Amino acid sequence: MTSSNERRNRPALSLHVPEPDARPGEEVDFSGVAIPAAGSVARPDINVAPADIRDLPYTLIRVLDDDGKAVGPWDPRLDADTLRRMLRDMAMVRVYDERMFRAQRQGKTSFYMKSLGEEAVAVAAAHALDRDDMCFPTYRQQGLLIARDYPLTEMMCQVYSNAGDKLKGRQLPIMYSDREKGFFTISGNLGTQYPQAVGWAMGSAIKGDSRIAAAWIGDGATAEGDFHNAVTFAGVYRAPVVLNVVNNQWAISSFSGIAGGELTTFAARAVGYGIPGLRVDGNDPLAVYAATRWAADRARSNLGPTLIELFTYRVEGHSTSDDPSAYRPQGAGAKWPLGDPLMRLKAHLIGLGEWDEERHQQLLDQLGEEVKAAQKESEKLGTLGGEAAQSVESMFDDVFAELPWHLQEQREQALAEAEAKRK
Amino acid sequence: MAIELKMPALSPTMEEGTLAKWLVKEGDEVKSGDILAEIETDKATMEFEAVDEGTIAKILVAEGTDGVKVGTVIAMIAGEGEDASSVQAPAAKAPVEQPSDQKTEVGSEAEQAKPQLETGATQLTAPASRQAADPDVPEGTEMVRTTVREALRDAMAEEMRADDRVFVMGEEVAQYQGAYKVTQGLLDEFGDRRVIDTPITEYGFAGIGSGAAMGGLKPIVEFMTFNFAMQAIDHIINSAAKTNYMSGGQMRCPIVFRGPNGAAARVGAQHSQNFGPWYASVPGLIVIAPYTAADAKGLLKAAIRSEDPVVFLENELMYGQSFDVPKVDDYVLPIGKARIAREGKDVTLVSYSIGVGVALDAAEKLSAEGIEAEVVDLRTLRPLDTETVLKSLAKTNRMVVVEEGWPVCSIASEIMAVAMEQGFDDLDAPVLRVTNEDVPLPYAANLEKAALIKVDDVVAAAKKVTYR
Numbered sequence: 405m406t407s408s409n410e411r412r413n414r415p416a417l418s419l420h421v422p423e424p425d426a427r428p429g430e431e432v433d434f435s436g437v438a439i440p441a442a443g444s445v446a447r448p449d450i451n452v453a454p455a456d457i458r459d460l461p462y463t464l465i466r467v468l469d470d471d472g473k474a475v476g477p478w479d480p481r482l483d484a485d486t487l488r489r490m491l492r493d494m495a496m497v498r499v500y501d502e503r504m505f506r507a508q509r510q511g512k513t514s515f516y517m518k519s520l521g522e523e524a525v526a527v528a529a530a531h532a533l534d535r536d537d538m539c540f541p542t543y544r545q546q547g548l549l550i551a552r553d554y555p556l557t558e559m560m561c562q563v564y565s566n567a568g569d570k571l572k573g574r575q576l577p578i579m580y581s582d583r584e585k586g587f588f589t590i591s592g593n594l595g596t597q598y599p600q601a602v603g604w605a606m607g608s609a610i611k612g613d614s615r616i617a618a619a620w621i622g623d624g625a626t627a628e629g630d631f632h633n634a635v636t637f638a639g640v641y642r643a644p645v646v647l648n649v650v651n652n653q654w655a656i657s658s659f660s661g662i663a664g665g666e667l668t669t670f671a672a673r674a675v676g677y678g679i680p681g682l683r684v685d686g687n688d689p690l691a692v693y694a695a696t697r698w699a700a701d702r703a704r705s706n707l708g709p710t711l712i713e714l715f716t717y718r719v720e721g722h723s724t725s726d727d728p729s730a731y732r733p734q735g736a737g738a739k740w741p742l743g744d745p746l747m748r749l750k751a752h753l754i755g756l757g758e759w760d761e762e763r764h765q766q767l768l769d770q771l772g773e774e775v776k777a778a779q780k781e782s783e784k785l786g787t788l789g790g791e792a793a794q795s796v797e798s799m800f801d802d803v804f805a806e807l808p809w810h811l812q813e814q815r816e817q818a819l820a821e822a823e824a825k826r827k
Numbered sequence: 002m003a004i005e006l007k008m009p010a011l012s013p014t015m016e017e018g019t020l021a022k023w024l025v026k027e028g029d030e031v032k033s034g035d036i037l038a039e040i041e042t043d044k045a046t047m048e049f050e051a052v053d054e055g056t057i058a059k060i061l062v063a064e065g066t067d068g069v070k071v072g073t074v075i076a077m078i079a080g081e082g083e084d085a086s087s088v089q090a091p092a093a094k095a096p097v098e099q100p101s102d103q104k105t106e107v108g109s110e111a112e113q114a115k116p117q118l119e120t121g122a123t124q125l126t127a128p129a130s131r132q133a134a135d136p137d138v139p140e141g142t143e144m145v146r147t148t149v150r151e152a153l154r155d156a157m158a159e160e161m162r163a164d165d166r167v168f169v170m171g172e173e174v175a176q177y178q179g180a181y182k183v184t185q186g187l188l189d190e191f192g193d194r195r196v197i198d199t200p201i202t203e204y205g206f207a208g209i210g211s212g213a214a215m216g217g218l219k220p221i222v223e224f225m226t227f228n229f230a231m232q233a234i235d236h237i238i239n240s241a242a243k244t245n246y247m248s249g250g251q252m253r254c255p256i257v258f259r260g261p262n263g264a265a266a267r268v269g270a271q272h273s274q275n276f277g278p279w280y281a282s283v284p285g286l287i288v289i290a291p292y293t294a295a296d297a298k299g300l301l302k303a304a305i306r307s308e309d310p311v312v313f314l315e316n317e318l319m320y321g322q323s324f325d326v327p328k329v330d331d332y333v334l335p336i337g338k339a340r341i342a343r344e345g346k347d348v349t350l351v352s353y354s355i356g357v358g359v360a361l362d363a364a365e366k367l368s369a370e371g372i373e374a375e376v377v378d379l380r381t382l383r384p385l386d387t388e389t390v391l392k393s394l395a396k397t398n399r400m401v402v403v404e405e406g407w408p409v410c411s412i413a414s415e416i417m418a419v420a421m422e423q424g425f426d427d428l429d430a431p432v433l434r435v436t437n438e439d440v441p442l443p444y445a446a447n448l449e450k451a452a453l454i455k456v457d458d459v460v461a462a463a464k465k466v467t468y469r
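As you go down the protein sequences, you meet chains A and B in turn.
Start counting the first sequence at 405; every next residue gets the next number (the working numbering).
Start counting the second sequence at 2; every next residue gets the next number (the working numbering).
Don't read these hints as lab results, they were simulated from the structure.
The reader is advised that the hints may include incorrect statements.
List of simulated lysine-lysine pairs, DSS-like, C-alpha gap at most 25 Å [unchecked claim]: (1) A/K570 with A/K784; (2) A/K784 with B/K32; (3) A/K572 with B/K450; (4) A/K827 with B/K455; (5) A/K780 with B/K328; (6) A/K784 with B/K396; (7) B/K366 with A/K825; (8) A/K825 with B/K450; (9) B/K346 with B/K464; (10) B/K465 with B/K346; (11) A/K572 with B/K455; (12) A/K827 with B/K464; (13) A/K825 with B/K465; (14) B/K32 with B/K22; (15) B/K465 with B/K450; (16) B/K455 with A/K825; (17) B/K182 with B/K22; (18) A/K827 with A/K585; (19) B/K328 with B/K392; (20) A/K827 with B/K366; (21) B/K32 with B/K182.
Model, not experiment: these values are computed from the prediction.
Start from the sequences and build out the full structure, keeping to the hints where you can.
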């Protein structure tokens, strides 16, 4: 035992509390963000030993350079139609988000979350995966549904919780769920989708199936045990899964430093688990596509999981309930040095001679009309303040596979009460 | 058709806000996406955007007006081809215009406007003014109108001033002042040594907090909601609650786990559950679930001082509700004492947390029909004040338990067992329980309403046990 006398000359212990570079009223400064040149990172073969690519988590895979040219070994060499489709899907996410955000401000729904500036994360991944691969998203990957042609009206009806809501009025707005499109029910409790994705992938392997799984988690939620449990299992059993960390640098008001982002990269978590980790410019749709494809090919070839950090920036608030001006400088997103994913892909297509300003404007107009029409259509089935859309009877369904006797009783009681009230 | 612009609900729990600034004036053309006004709530300032195109025909609520209820018509937009000058304000609910230098409440007509966000939560909280005098507070004590949110903050601040070992940790508690603004001002006063934003891992910071408590500090761990504490429940139950016992009394764990519990407004199944019965079943834990602001303050101070781990269950819907709080230097209440929230002789309504308000409303209705209900607010769920419950039962001989939570293995079940075992001779009727439906809480407003406890159900149950 040390006596208190001996301790006297030792320094008092203290802790470090991470602070972001700038708070409201200060000038945001991204000059410290290291951005390697596009095309400068080597692309290893998919059967590379994870131990041989331990440098990849500390750099940044980029394909589109400042002039919008696709350069380097990670260039996925996509045809113009695919590029245009990706552009269309990202633009659609943006137009849809805008519309629904405003609908919330008008009281048509209680809640909404946009993905402005992060559209490439979901859209490019959706194009790199097979259509029947299973996705375990968080709440900012609506681009997966849009890229997989899920009808806008279905999405809106869910957001409005109206008579057309496939989830029967049971779930928060934007927490979509569609088995057919391989889109797992979004959970309001963070991180749970990560081990579930690994479990699904392991199940796929146990069954001898060929489908793989992909999961997304935010930088903040990597602090959760679920993240670490999932990566442990995925590594140990070489689960066929693509594990994405969307590092948009803000978890509501907590900047990524609170989740350990000051100390190392999120991709570098992979090193400790002995699996490949890729750090990717999340605002570069081609880089996201290429990295996802590389990871998916590994998974399909029984080479195991890959952890991909998508380095991006949450341009807007966390949700309609958040006001970021309380904790970070206003307009910080506009200064993000990796730019806007939509504009970058547009510039690339124009550079290829496959797109022009006029067609871009036409596209935006057309998407605007599509979204407007879908909104009109879905609002016919009701919005937040409107008529009750779900029958009280339906409340007791799906608690169990079959309605048990006690819920049957409760349902009859509830209906009798509703009937009595009507009289 | 002119379009009514209504005060928007910027978050699911927003009931009213300040119309801080108009960015348009009458006669302005607006198109979809234009910012019309800035609106402030206790949480944030938000821009209010136009969805439709048209001309601002009338501005009905002046900038600078406080307390504008959600759903109040604040302006009218004339649609395409419509003469803006001919647009009439909706007659029935036109609110009184207030000049910006007079920060007064909006007139009563506006208050009648239906809130835009429909939710079963309104049946739990309206009317907000119910309060019963606390028999323990001497008559003549000065009272200060305080929200539950402020009372909780005051309790923490007072205990932090008094004891340097007390600190707060959790998600968003420092810079953001708490996801529900309960820790407002604490970072400024106590600094980042004692008000700590944590990584997003309830399991992590519940364990860290338990360790710090065992190391001699007095942590207050805030869960953004108790739904997220499901992750942390291993530390709460297997570590915090049992370490003192397992270490032969050597390792105490004086920690407070606090945060909102129970249903909130329109947040769906994963975010709307009452864990009171879960924690109350665990030896080694103290479980508190207050209703009034005074109880929130007095009991949170007691919880922080406790040498045992405390699960302190708040309610998001109650945060904004105001009650009288005695203005005394050190308002600490005893843990484990129920409170008679209303005296009566015909039937006892036992409840806790937000259910107390529903029970009080039911008691008012019953009183109009000649049934005088006594309302017992349990305040502490473990240890349970069975003495007060049984005493009330001996007086009224009839009992209904009102619980915003599921029926099975509930606090209601426990109260009924106590009544059966220890109050059997006093019972003139079986004890009944009024609880939520036995389903995960749905999101849709009508289903949410149908699933949650209702005043009328309590009235019906009380009549049943009094055979009326």
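Hint check:
Taking the CA atoms of A/K570 and A/K784, the gap is about 15 Å. The hint holds against a cut of 25 Å. Distance restraint check for A/K784 and B/K32: the Cα-Cα separation of roughly 22 Å lies within the 25 Å cut-off, and the hinted pair is therefore satisfied. Of the pairs offered as hints, the one joining A/K572 and B/K450 holds, with about 15 Å between alpha carbons and a cut-off of 25 Å not exceeded. With a C-alpha separation of about 19 Å, the suggested pair A/K827 and B/K455 falls inside the 25 Å cut-off, and the hint holds.
This hinted pair does not check out: A/K780 and B/K328 have alpha carbons roughly 55 Å apart, beyond 25 Å. For a cut-off of 25 Å, the pair hint linking A/K784 to B/K396 is broken: about 56 Å separates their Cα positions. At most 25 Å may separate the alpha-carbon atoms for a hinted pair to count; B/K366 and A/K825 meet this at roughly 17 Å. For the given pair, A/K825 sits about 14 Å from B/K450 by alpha-carbon distance, which is consistent with the 25 Å threshold.
For the given pair, B/K346 sits about 14 Å from B/K464 by alpha-carbon distance, which is consistent with the 25 Å threshold. Of the supplied pair hints, the one linking B/K465 and B/K346 holds, its CA atoms being roughly 16 Å apart against a limit of 25 Å. With a C-alpha separation of about 23 Å, the suggested pairing of A/K572 with B/K455 holds against the 25 Å cut-off. Under the criterion of a C-alpha separation no larger than 25 Å, the hint pairing A/K827 with B/K464 is consistent with the structure, at around 20 Å.
Simply put, A/K825 and B/K465 have alpha-carbon atoms about 18 Å apart, close enough for the 25 Å limit, and the pair holds. In summary, the hint linking B/K32 to B/K22 is supported, as the alpha carbons are separated by about 18 Å, within the 25 Å threshold. Distance hint between B/K465 and B/K450 is fulfilled; the C-alpha atoms sit about 23 Å from each other, no more than 25 Å. With a CA separation close to 13 Å, the supplied pair B/K455 and A/K825 stays within the 25 Å bound.
Annotation: proposed proximity of B/K182 to B/K22 holds, straight-line Cα distance about 23 Å (limit 25 Å). Between the alpha carbons of A/K827 and A/K585 the distance comes to roughly 44 Å, so the proposed pair goes past 25 Å and is violated. For the hint linking B/K328 to B/K392, the alpha-carbon distance of about 30 Å lies beyond 25 Å, and the restraint is violated. About 21 Å separates the Cα atoms of A/K827 and B/K366, which keeps this hinted pair within 25 Å; it holds.
Our distance criterion of 25 Å between C-alpha atoms is broken by B/K32 and B/K182, whose separation comes to about 35 Å.
The earlier numbered hints that this structure contradicts are 5, 6, 18, 19 and 21.
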